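Colleague: Each chain is listed here by its residues.
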Amino acid sequence: MDAEADGLVEVSEDGDPSRRRRVHGMLKLYYGLNEEGKAEEEQESLDPCDINGPHFDPEHYLNKLRRECSLAELMDQETCMVKQIRSLDSDMQTLVYENYNKFISATDTIRKMKNDFKKMEDEMDCLSANMAAITEFSACISGTLQDQHAQITKLSGVHTLLRKLQFLFELPARLNKCLELQAYAQAVNSHRRARCVLRQYSHLPSFKGIQDDCHAIMDKLAQELRQKFRDGGSSAKDLAQCVELLLQLDEPAEELCDKFLSHARSRLESDLQGLEAEIRPYPSAPAVKDVPARRSTSIAGAGSPADLSPKTSALPSPTSNTDILEFIDRGCNEFVSSLCLVIASYQELFINHAQAGELASKNIPQMANGKLHAFVDDLAARYFSLVERRIQEEKGVGDNSLLVRALDRFHRRLQAVAKLLPGSPVPNKGIEIVIRAATERVKQYLAALQSFYMDSLTDVRQALATPRLSVAGASVAGGGALHGGPASGRDAPTSLPELLSSLSASILNQIKSVLASVHLFTAKDITFSNKPYFKGEFCSQGVRESLVVNFIKFVCQSSRQFCESAGDKGGSTPPVLLLLLSRLCLDYETSTISYILTLTDEQFLVQHHSPVTPVTTLCEEAREAAQKLLNHYVKVQGLIISQMLRKSVETRDWVNTIEPRNVRAVMKRVVEDTTSIDVQVGLLYEEGVRKAHSSDSSKRTFSVYSSSRQQARYAASYTPSAPMDTNLLSNIHKLFSERIDIFSSVEFNKVSVMTGIIKISLKTFLECVRLRTFGRYGLQQIQVDCHYLQMYLWRFVSDENLVHFLLDEIVCSSAHRCLDPAPMEQSVIEVICERG
Amino acid sequence: MEDDAPVIYGLEFQARALTAQTAETDAIRFLVGTQSLKFDNQIHIIDFDDENNIINKNVLLHQAGEIWHIGASPADKAVLTTCYNKTSNSRVVSCAAVWRMPTDWETASHESPDDTAHNPQTLELLCHLDDSAHGNAACVLWEPMGDGKRVISLADNHALLWDLQESSTQATVSSTATLEGKGQLKFNAGKWSPHHNCSQLATANDTVIRGWDLRTMSQIYCIENAHGQLVRDLDFNPNRQYYMASCGDDCKVKFWDVRNVQEPVKTLEEHSHWVWSVRYNHSHDQLVLTASSDSRLILSNMVSISSEPFGHLVDDEELSEGEDNHQDDKSKEPLKDSVVSTYEEHEDSVYAAEWSSADPWLFASLSYDGRLVINRVPRALKYRILL
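Just so you know, the protein sequences line up as chains A and B, in that order.
Note that UniProt numbering has the first sequence beginning at 1, numbered continuously upward.
Note that UniProt numbering has the second sequence beginning at 1, numbered continuously upward.
Chain B extracted, bound-state conformation (with noise of 0.2 Å):
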């Protein structure tokens, strides 16, 4: 049962955002914003082809600045937001913005091939998510599973809650949270929870993750000193509701019970740098995927804090069928956290991995050399998953 191997793809400019197109579920998708600060960045188009495991590349123009981040929305697969830096006058300003994607961009790249790439279309803008008062943005963030409706973005030390109407052209503020205390504080990340209604949002700032109440904008939790350094990425587990994933710089992923802020639930230690991502499974959240600086990319196993703890439940009607009653024993005994793999295709810091939103058993991961690289979970653990 051998792993199929590894695609990667070449990007010419450096690059930091990724994410998976997240309403797109039948084709694998993602999305790759590129960091130039002398030529006209890009957002690249991946299509993965699992079939024949061949990439597909569509270009387009992000000719506003290099893009730190990048958000797909979860209604529309043409819509997406970009965090990006803009410079005038000197002077580096972080921006956040709504774009479209141009309608044709799929048509063109397959009638005309050899002309996209010369002349790739451009974004076009919807709206900005600038708020000249509330500083530099750092993340912008869809509402999960939402209608395309809402976003927030976090800017400096503020969590903005917009509204998007006119077809995402208008957005308004609706809300807004302030981060207070002493120094200068700023959100490094956050991510929003589809639980509870999608009425959590968790944040974090230097060491510091906080919780908020989306409906009355206060904050819920707090965990002190999550990392005993800077807290890069958190990520909600999709299954379990107080369940939360987050990364930083201590080397260590850490999952935690929000219910319970003072003890993590579990612990991992095996990248040998920073973390810069932490991603779960949409739909098995044993598996959980790790990147870090030290150029690799871990895929974890983390079957005991998962919401299936004793592997796949056989079902009734399936025992009933009196198939396989030593596999209901099997099943009984709690499966043991482990590395699933270690992947060290890259060979310069991983900023971001993502899983895609159409096949559970596929991601990708970008590095800051531009390398993007596509992996699947290993046949064995897929299988003894499912099955």
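Just chain A, same shape as in the assembly (with noise of 0.2 Å):
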């Protein structure tokens, strides 16, 4: 647009003024130029009428008061006029009177001051003509003193190198005086001073000898500290002191720390042999010790274990040496700490002090931090050998606490020596010896308890043998002893449950304390606790698993090994023992497993990284062993009836034995027995169900001989039998009654147990009847012997028809076997065996 505008404006210039016009106007308003300004100007100064004005005409003015004012008035103007006058000429002459005063004053001023300047002007001239004077005098005198100046600058030159010089001679002295009075730092400081100089000037002969004096005194003096740093008597200060002269004095630096290092190995060593001192004296007097300790903290480590560690400390048997605290104390105090000041002045002196210094260009420090490390390394790693050493004595599990707290007290100063040297692994094989102690008395715990649990078995047999409780004795001889059995076992079940709840509290107390003991390695106020080792690892795997879970599957498979060197050898267990820990190991499976698993858990707060046994398999494991006892049990028991019944078959004549007149004892005996042990096994394990029994189980009589069946099966005809002819009766018999499992599987209850002894021993009857041969009356007593066997027996069993249907086959397995069968009268039967 603008451009466009001053084209036109280019264009059109000459034509149009209004446009000029209006730019000047533009112009104007710049400069503030107004009109108006003008106006007023002219205004003011133009009224000609005005008297004070500049523009003031008189003649104008009279001409308007003439026309204007009356005569009154003019009058008036006049006299005011005049008066007006008058002031002002008094005005003008007071002005011009004081103005003239004013100009004779100072008149008078200006005449005085020509006088003034005159006389200033003479004594101008006469200074400048002194300072000439001066000036001359001044140059005249320094001309004179130069030579005198020059003399005295070099006359004080000479002087301090003189004061030098003499310093220099009297060095030699000046050391040997400092030699006398050991003050090694002055000397030092002295000869470092002349050392430069001597150096320099040592190829003038008297210099050379000022060289070799100072030489040879300071290498005495060299010796001497050298001698004193070699005693090593002196203090750690004054040691410092000595490194330091010593390396002032340039010795190597290398040796040094060798030297130094060698001296405080020396001490260091004389520690360690006084520590291996004490391990070596004893070869068996910590087992000793220990085993009545154990005894004492099995009953008191439960509850608070940490308490008996002072008393126990406090008071060494005086045949023992020191306990491991005590070593350990000692390694502490002795070794630790010594080699911790070892380290600490060691490194004040090679390698922070010769930072500071100039020697820290010559690499110093790295090769003192080497040496250092190489001689804590070796050094550490003997004490810990010693250590482990005293650790693997420590093999009695009594007192945890104390092993704790030395393994405390040496993790604990083992963390000075990480401090001081940062990079050092001599921290982290302590831990290593830690975890390693910790798991060492772990396998401890688990072989002490193991050894308990065998111990506290061996007591259960010894209980078990003595008279008074064994079942088997409980029992006398006689029928009164079948209403009795009751009354006899009483003796025998004051103990068996009680044994029973004796030996777990016992074990599960063991446990329990040994849990207490293990977890002194956790507390909070130890200071490994904390590491990862005895957060994670030790707890699940250390504890948790080859502890408790191997505990656990230990008493599983001593318990099994009992059925299996016992199925053998004839018995080497007593039965009870074996009903006695099949129980145990049910309980295991029902609760304690479960309970002592939650215990060490909650205990441990066991967080399972890795994975770990679980609670169902061990309760499979102890529900396995309990039931391979209980067969077992079952087995034992079946086979001592079973032998008794087997002997009085097989030694007897059968053929030629006389009319039964009684049972045989041997099958009161069987009764009774098999009374005794219901009452055993009552006393451990529930009732357990049974089929509901006829109302006169005990009457029953033996069908069998009797019915048409048994005929049948004699009727033998010699037509030719297709198969599956002539025995189908009796076969068929078979086939509605079961197929009966003698040595099988028996539940955890009474009824069961007793069945399965009874099966066995009948069974046995059975079989050792079938290879005998019998005459009239050999079958008739075993006809009574079954039937007094039957009025007894059906009471234990679960279903009084397998009783029935053994004892069925046996008398008619004994019919077969009869040369002549003639069956007595059941009633007769009856009569006998009420008779008993």
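Think of the hints as simulated: they come from the structure by calculation, not from any bench.
What you are looking at is a predicted structure, and each value in this text was computed from that prediction instead of being measured.
Think of the CB as a built atom: it goes at the ideal place given N, C-alpha and C, for glycine as much as any other residue.
Be careful, since some hints might not be right.
As the list claims (entries may be wrong) - Footprint (simulated), chain B over chain A, 3 or more residues, beta carbon under 8 Å:
1) 741-753
2) 766-774
3) 813-824
Said to hold, decoys possible - Derived Cβ-Cβ restraints for the label pairs, each shown as a range:
4) K647/A x L125/B: 41 to 49 Å
5) L771/A x T172/B: 27 to 35 Å
6) E624/A x V93/B: 44 to 52 Å
7) E624/A x T172/B: 33 to 41 Å
8) T439/A x E344/B: 51 to 59 Å
9) E269/B x Q557/A: 14 to 22 Å
10) Q557/A x I54/B: 51 to 59 Å
11) E624/A x H196/B: 38 to 46 Å
12) Q557/A x E263/B: 15 to 23 Å
13) C198/B x K647/A: 30 to 38 Å
With the hints as a guide, bring the two chains together.
Modeller: Take a look at the structure:
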């Protein structure tokens, strides 16, 4: 737009005047010129009637007055005018007068000044003349003094030099004196100051002499320092000073380090030897010592094992050496603290100090650090091996707190080393030792638990073996024993459940006390307990798996071993023990295992990083063991009764026996034993379910022999029989009865156990009968015996039909094996049996 | 591959004694001796027709008494021994004798099948193996694979080695061994070892197994407490000379290496009552048959202690033909011992089980109620062993 406008302006520049005026007006506006101001000025000055104005025109003024005013007014105007003129005149006279006076006094002053200046000019002339004279003099004096000044300067230089020389010449003497006074620092300082000069002027013979002297003295001094250093009796501060001075004497630092360390080593080694001496002298003492200790802690250990330790440490038995706490204490106080001291002073001397001084350039800190590390590692390794040896001797599991506290102290003191020597592997090795000791301890506890378990089993065995408790002995021979069964069993029961509960309680207590002891390793106030190993792996793998789980497994395994070892060697384990253990394992399965594991998990807050054995597996194992034990118990008891029956059948001449008048004593014995077994089992196992009894179970007769079936069986015909013909009837009978597994698994209840035992016994009876040949009375005796057994045994089993069936088979088989099968009257049998 | 159903044969009498006719290698034939106190006892000759699955039987009378043990001569089909009980004067005496079957028993039965049953032929007594000085005979053992001239009888605590002369009509005791010890010792069972030139005998009394050298009649080994209870039977592995199986009242079957008598090599606990009989298969010694009074018969495959622990080894020739290389690999891995099969056809105690001498895949078992069951090894296993 503007460009266009400009273009337009240029084009119509000449042809448009109105436009030019406008531009002019804008400039005027810019400079602030306005026409109004001009008008005001004009108004003011243009009034000719203003008597005070510059443009006053008297003529005009008079004319105006004459025209406008009356005479009176004129008269007044005239008077007023005169008055004003007069006052103006007097004012003017006054002004003139005043100005005149001032002029006169000014004239006077100027005249006076003219006089003073003339005087001053004269004095100035005089001064310049004087100054010229002074300049002249001064030049003259300095000219004269020039020579002397140079001489004095030279003399003072000579003086300084002489003093230095004197110092040098006096140096040997001074050094000697220092040496005498043992002011080694001063001597070294002096020598250091002179050293450079002496070295520089050593070509001059006189200086050479001094230097040699100095050297000799300094050598002596160094010798003395070294001696002092070597003696080692001096305090650390002295030692430090020695080293510092020696370093200043350009003694090679490496050598000094070595010397320092070897010196320190000798002292530390004496500490180590002291420690070693403590380990060596007792080969068997701790083992002896810990036996009584275990007893006491097994009781008190569960409650507060920590309380015991001060007592035991305070009262070391006279025979034993220092306990481990004392040992570690000694190790810490002597070895570790002096090691720390050595490290600290060494670092102060060779590393920190050297870093500050001029020695830093020589790579001394690195070298010194390397040496220190090697030194510490070496000695620590020896210390550790000693500690480990000592820990290994700590076999007794009695007082764990002592060991834990010892380990804690051991670990804690190593922290100091860690702080002093940041990169050192020593603390880690210390931790490893602690971990090893802990694992070892856990293993020892497991072994202790195991031996405790075996011991308590032995105790139980002994308790069972004492006649008072023997169940077999409790029942007396004779018919009365049957009714007295429960009564005679009363002696045995006093102990069976009690034994079980005391056994299980003592095992549990032992486990608890062991857990409490092991728990010390993870206590909060123990420094190493917060290491990841003790938080995690120790709890889950160490305590839970290798201690608790392994122990439970051991219990199960050892129980199973009872079954296996006893199986062939003919009952080396008393059957009652089997029963007891079976119940123990079953209890473990139902509650104890989960209780123990929960307890462990709670106490140790086990977080399972690695897979652990679940409770169910252990329970299964325990149940398996319980089952196996119970089966074995049934088998053993069954075999004992079987043996009696077998002997009784095998040794008798059944063909030529007399007519039965009594039930054979063996059968009574069998019933007695069965009764006492029943009581025994009843103490530990529940009754169990049995099928409903028929009302007259005991009265039941053996239908077999009188039945027609028997005839069918004996109706031997020589007709060419097709397979499955004549035996049909007897087989049909068996078709309806279930197959009986004789040595089969039993359930965890009394009835099932008793059924198993009776099954085994009767089957044996059957098989033995089948191997014999009977006469008439032999068969009848068997009839009587079987009836007697039927009368008493039905009540023990779950299904009386089973007893009935087996006895039926026995009678039947003996009838088969009879040369002259003439059965006895049922009524007679009953009479005989009831007579007892 | 369905297995054939078992074949069952019922005897009228109770029976314990069973043997295969050892000298017979063509026909599948078993001999069963009955036990009856009141009637004449019989020996049933059971022929099994494998193709038709039919049993043919012939009956011979054994009037001497009830049979407790029976043994067939390995050389002469017609000759057998029995141990039997004889009752006389209210006394039961155990005797042993050598018998010969009538020559025409077979033809007779074929010609007039109806008559044989009614008029059974009688065994011909060759000689008694009795020596009144040596008590009751428990069993008679033939020399394995011998010429039928030598037998051993076990009587109470004596082992008597007999020489049979004059076509077995005369028997003389050539040597004896006596078990010495406390109490009344009695042999339960015995087995003549087929190894070492038939110079060894194993016997069982109570829980002890003893080995005897027949040349000197002295004891060579003794396994004390071989079983927790009575030992009921023994058998030698036909292919491994030191291996022996035993069974007993502890329900266990144990396998022994007689060079180490401390521990059994293997123990089986499959039965739930006494085990009365154990038998190795004559040709495939991994197959072991056990009979028990729990009315069961169990066939076990004891590969790991057999003479072929890696199964059937492929011959080099077969390999060179280049067939089935993978089979070679497979056969290298040891096979597992296992129970092949449990036979429950019996309903009473099974006292005897025998392999057929003619067909190695066939066996018979006898229960007390007189039921004889003939079974075969399952085909799957048979082919696995063969191929």
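Colleague: None of the hints should be skipped; say for each whether it holds.
Modeller: Okay, the hints, checked on the actual structure:
1. Counting residues of the stretch 741-753 of chain A whose beta carbon lies closer than 8 Å to any beta carbon of chain B gives 4, which reaches the threshold of three, so the coverage claim holds.
2. With 3 residues having a beta carbon nearer than 8 Å to a beta carbon of chain B, the stretch 766-774 of chain A meets the requirement of three or more and the stated coverage holds.
3. Under a criterion of three residues with beta carbons nearer than 8 Å to beta carbons of chain B, the stated coverage of the stretch 813-824 of chain A is upheld, 4 such residues being counted.
4. A beta carbon spacing of about 36 Å between K647/A and L125/B contradicts the range 41 to 49 Å that was offered as a hint.
5. Here the CB-CB span from L771/A to T172/B is close to 31 Å, well matched to the stated 27 to 35 Å.
6. For the hinted restraint 44 to 52 Å between E624/A and V93/B, the CB-CB distance of approximately 51 Å keeps it satisfied.
7. Checked against the given bound of 33 to 41 Å, the beta carbons of E624/A and T172/B, roughly 59 Å apart, lie outside it.
8. A hinted range of 51 to 59 Å holds for the C-beta pair T439/A and E344/B, which are about 55 Å apart.
9. Roughly 19 Å separates the CB atoms of E269/B and Q557/A, a value that falls within the hinted 14 to 22 Å.
10. The hinted window of 51 to 59 Å between Q557/A and I54/B holds, with their beta carbons roughly 55 Å apart.
11. The beta-carbon spacing between E624/A and H196/B, approximately 44 Å, falls within the hinted interval of 38 to 46 Å.
12. Between Q557/A and E263/B, the C-beta spacing of about 19 Å keeps the proposed range 15 to 23 Å intact.
13. Look at C198/B against K647/A: about 37 Å separates their beta carbons, and that is inside 30 to 38 Å.
Of the hints listed earlier, those the structure fails to meet are numbers 4 and 7, in rising order.
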